[in-house]
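The residues making up each chain are set out below.
Protein chains: 2
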Amino acid sequence: MTQRIDFATEPARYRHWKLKFDGEVAELIMDVDENAGLFGGYQLKLNSYDLGVDIELADAVERLKFEHPEVKAVVLRSGKDRVFCAGANIRMLAGSSHAHKVNFCKFTNETRNGIEDASANSGQKYLCAVRGTAAGGGYELALATDRILLADDGNSSVALPELPLLAVLPGTGGLTRVTDKRKVRRDLADAFCTVEEGVKGTRAVKWRLVDQAVPNSKFEAAVKDAASKLAAQSDRPGRDAKGIALTPLERRFEADGVTYSSVKVEIDRAARRAIVTIQGPGVPPPASAEAMHDQGAQFWPLRLARELDDAVLHLRLNEGEIGVLIFKSQGDPSLVLAYDAFLEANKSHWLAREILNFWKRALKRVDLTSRSLVALIVPGSCFAGTLAEIAFACDRSFMLIGTPAGDNRPAATMRLSQLNFGPYLMSNGLTRLATRFLGEPDSVGKAQAATGKALDAEAAEALGLVTATFESVDWDDEVRIFLEERSSFSADALTGMEANLRFAGPETMETKIFGRLTAWQNWIFQRPNAVGAEGALTRYGTGVKANFNPERV
Amino acid sequence: MTQRIDFATEPARYRHWKLKFDGEVAELIMDVDENAGLFGGYQLKLNSYDLGVDIELADAVERLKFEHPEVKAVVLRSGKDRVFCAGANIRMLAGSSHAHKVNFCKFTNETRNGIEDASANSGQKYLCAVRGTAAGGGYELALATDRILLADDGNSSVALPELPLLAVLPGTGGLTRVTDKRKVRRDLADAFCTVEEGVKGTRAVKWRLVDQAVPNSKFEAAVKDAASKLAAQSDRPGRDAKGIALTPLERRFEADGVTYSSVKVEIDRAARRAIVTIQGPGVPPPASAEAMHDQGAQFWPLRLARELDDAVLHLRLNEGEIGVLIFKSQGDPSLVLAYDAFLEANKSHWLAREILNFWKRALKRVDLTSRSLVALIVPGSCFAGTLAEIAFACDRSFMLIGTPAGDNRPAATMRLSQLNFGPYLMSNGLTRLATRFLGEPDSVGKAQAATGKALDAEAAEALGLVTATFESVDWDDEVRIFLEERSSFSADALTGMEANLRFAGPETMETKIFGRLTAWQNWIFQRPNAVGAEGALTRYGTGVKANFNPERV
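As given, the protein sequences belong to chains H and Y, one line each in that order.
Just so we're aligned, residue 1 is where the first sequence starts under the numbering used here, counting upward by one.
Just so we're aligned, residue 1 is where the second sequence starts under the numbering used here, counting upward by one.
Among the clues, some could well be false.
One copy or two, either will do: identical chains are not told apart, so a pair holds if it fits within one copy or between any two.
Unchecked claim - Listed below are the simulated BS3-like cross-link pairs for lysine-lysine, each with C-alpha atoms no more than 25 angstroms apart in a straight line: (1) Lys-80 / Lys-224; (2) Lys-264 / Lys-20; (3) Lys-446 / Lys-183; (4) Lys-446 / Lys-181; (5) Lys-181 / Lys-45; (6) Lys-264 / Lys-229; (7) Lys-181 / Lys-206; (8) Lys-446 / Lys-20.
Everything labelled a hint here was simulated from the structure, so no lab data went into it.
Values in this document were obtained by computation on a predicted structure and should not be read as measured data.
Next up, chain H with everything else stripped away, as it sits in the complex:
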């Protein structure tokens, strides 16, 4: 795939979605342009989607959070007459590489988690109004919302037809949300997931698949009523607050990297690694929440988070052979801590809350990136507070002791802030430090007691905050050996190992989706019954039935 997939967009460029605003309630309308697929070779019929459609959805979900503090409830619906959404486009899936399929599913999952995060933590509740068929990814989209209304018209239905139709699993959380969010009884769930045509009307309510089935004549009134009730539960500021514009990212793509205002990605293709350098803030935080609001998308923490998020997505989808991401940082740690203190002090302000939530999601995106991650902490770096989370998200972190000859900067330090102990929860529901110190919970307290202190390499290592520290005489060799060793391993085995080691402790619906469900789906995406010459995905639409190997594994 030589075409670069771009994750940046804006409503004026949407081909597939429309936003309508009416006071506290917005409508997010899916109306896919079947001729505007991201790649050639398929048409996006029946409101089916590809990654391009989902990039717009993800953009809309973020803009609703930041640009529309007045919106307390969002109604997700279809712009087509007889269909809600037919799910991921099958021809697109059949024609995609394994890696693209897997990364596509990961992103669509993150987008749906972003919808649930809006509801849980931004006071922006989602309602899904299903008229017509919501099949596969279409129903999974509905599952991500707080409430599902289904038209009871003899036609509208919800379905997960992946297994009978394509010999794959619903890839975007469907099975997990059916069992763990909707809490559908397991035998009914089994029946539901094996019946191609899905379930309609009151039976869908009885089986807990939707919340209400409403006759057509009363459908719009019921949607309006449900949206008002959801809006009434919201703690969004409402019309008193003004949104900020998520202005276009400042970035420049080059042959071997990308340069943003605060992030630089340098790619070494031969060595299959990328250096991601984070630039600390250049100026102190603004004097007030109002001043932060005036800075809008230029406010350093938000600007950086958006850039980092875009960079990670770019690396995931467009640089598949880059096996190691090396995180570095440059800047003044005390300025980073000043911003952390500012956000902490203003966390009840809606915009600060959104920025903290955005960082939480961006850091989760790092956790879930299937590349080896390493942080190099050297003089001049600013792995402090929020930026230290990036080091904690890494598989390894190395810290240089002292200063190399000829370098007259002070030795590297790591510093912690209150934000390391609260808002940035991982998918498992714990902070990165709580996860790190699962076996020695006292270490979390010891780290917290050191909040604000400039921790040199020895101190950081003693507190368990870094993997290893090296003298400058050994540094280059140690780092080189690690990187060479890493690139000698099987990419697949690393993916599997990291997916297991990164998420210790409790499991949540999110970790179940990315662990259990995704791993099974990836397995099936490899199996001849799905993707072989006679497999169901390959033969879909040819009129020839798939030929299955009956052996059970």
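For this one, chain H is given, so just place chain Y on it according to the hints.
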């Protein structure tokens, strides 16, 4: 594979393990006969193992529970001088089919869970004394015990070399137990799992990989001391109690089935399904715990559980193309309930406790069997109490309303006992009914209020205990349609779907192992980097390095 794998064995036939008894402490000694592999083509060097070795281990673990109430602590050790255990035999793995690899790992996982169950619920604590190398599955075996002692002799080590050596994951819970049981810090876990030679001595203690590192001169004394301390924590009855002999199973293999004393397996190869018929008890329970003890392995609940367990393992490993297991039962439901009441009344007796624990594990084995499971509840059946759990373990259960013409037996009923609400926890830590009714917890209470009642089809359906009920005029068609539909689906997609739908709600270390870890391992077991012509498993031992596709998925 035409050779039938037999899961029944006994100490007199062991080739690979020795048991030694010394009062409250037993030694379980691994001393693999390298020429006694289950299949040809490999030698079990360096105490490496195949399924045959693990079948003996599983047998020994069960016999320790039932035959040795006096044993409060078990020391697991090696009978070889310089090696503890080199893990699963690599040539065996490289030469095995995907299905065999996956089922082999599932069984070894269940065996290790059985060790942890002995410690948690049978008062039989396990200690691992590691001298020499404990690599891969060898260290995973140690991880299943309560306490790991490592000889600090400059040679002994623990290691998980699968990733660097073979491009696969440790397949028997290693990663999950490292993060969630030993709670090793994630970056240290990452380092540990990528270093082929493993970790020795005090560093292994510091990294939480083992509990003690002890110089050779003091090793035996330390093992003895640790075993005594573990024994002191035990609530086993000790020397006052006498064990029962797990006598050989009564069974007869035929071309299309197996007949046990209380279980009959009838295989329809053309239709790829098997009927498993459970025979209820023929006589009432004994008058006392002593009388139960006198019956020993003939006591109906124990006899049936052992037979059912053996039948399920036989179907898993020897009948790979059988896609659906149809569970039926025959007998007097009130007699089944009488046995349940007997076990409940005597649950503080060590033997009754072991029998309840065995049933718990046998039912979990059913849950984890990757075949579609359906229960048919018809006149003459006895899905009551413990046997009703089998129906609750099924993906679907169908119950006949009334009695077909010409059948003069009473209509089928389902009955519940106290055992449906307590001892038979699934891997997720919940009862099957609590899992079933996750979305409507009140239904558990309603079912409990109906304990003992004879529930006809309408009543069972109203309580949500069965998937569907049919009149006799529709029964044959409905069952046939379900079975035909099921066999039309992809075996792989069904495996993935069932693995997701069967385990709603909380995750435990066990569900993480069978969900997240196993699914990733299965994925890797499909990938060219591991099993392709130039993959690491294929090229192991050839002197030629593997050639990896660097693409990250």
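Against the structure, the hints come out as follows:
1. In this homomeric assembly, Lys-80 and Lys-224 come within 25 angstroms of each other (Cα to Cα) only inside a single copy, at 19 angstroms, whereas the closest approach across copies is 74 angstroms.
2. With identical chains, the CA atoms of Lys-264 and Lys-20 are never at most 25 angstroms apart, being 36 angstroms at best within one copy and 64 angstroms at best between copies.
3. When the C-alpha separation of Lys-446 and Lys-183 is checked against a cutoff of 25 angstroms, the pair qualifies only between copies, where the shortest distance is 18 angstroms, while the shortest distance within a copy is 40 angstroms.
4. In this assembly of identical chains, the alpha carbons of Lys-446 and Lys-181 lie at most 25 angstroms apart only when taken from different copies (22 angstroms versus 37 angstroms within one copy).
5. In the homo-oligomer, the alpha carbons of Lys-181 and Lys-45 never lie at most 25 angstroms apart, since the shortest distance is 29 angstroms inside one protomer and 49 angstroms across protomers.
6. With identical chains, the CA atoms of Lys-264 and Lys-229 are never at most 25 angstroms apart, being 45 angstroms at best within one copy and 57 angstroms at best between copies.
7. In the homo-oligomer, the alpha carbons of Lys-181 and Lys-206 lie at most 25 angstroms apart inside one protomer (15 angstroms), although the nearest pairing across protomers, at 40 angstroms, exceeds that limit.
8. When the C-alpha separation of Lys-446 and Lys-20 is checked against a cutoff of 25 angstroms, the pair qualifies neither within a copy, at 50 angstroms, nor between copies, at 46 angstroms.
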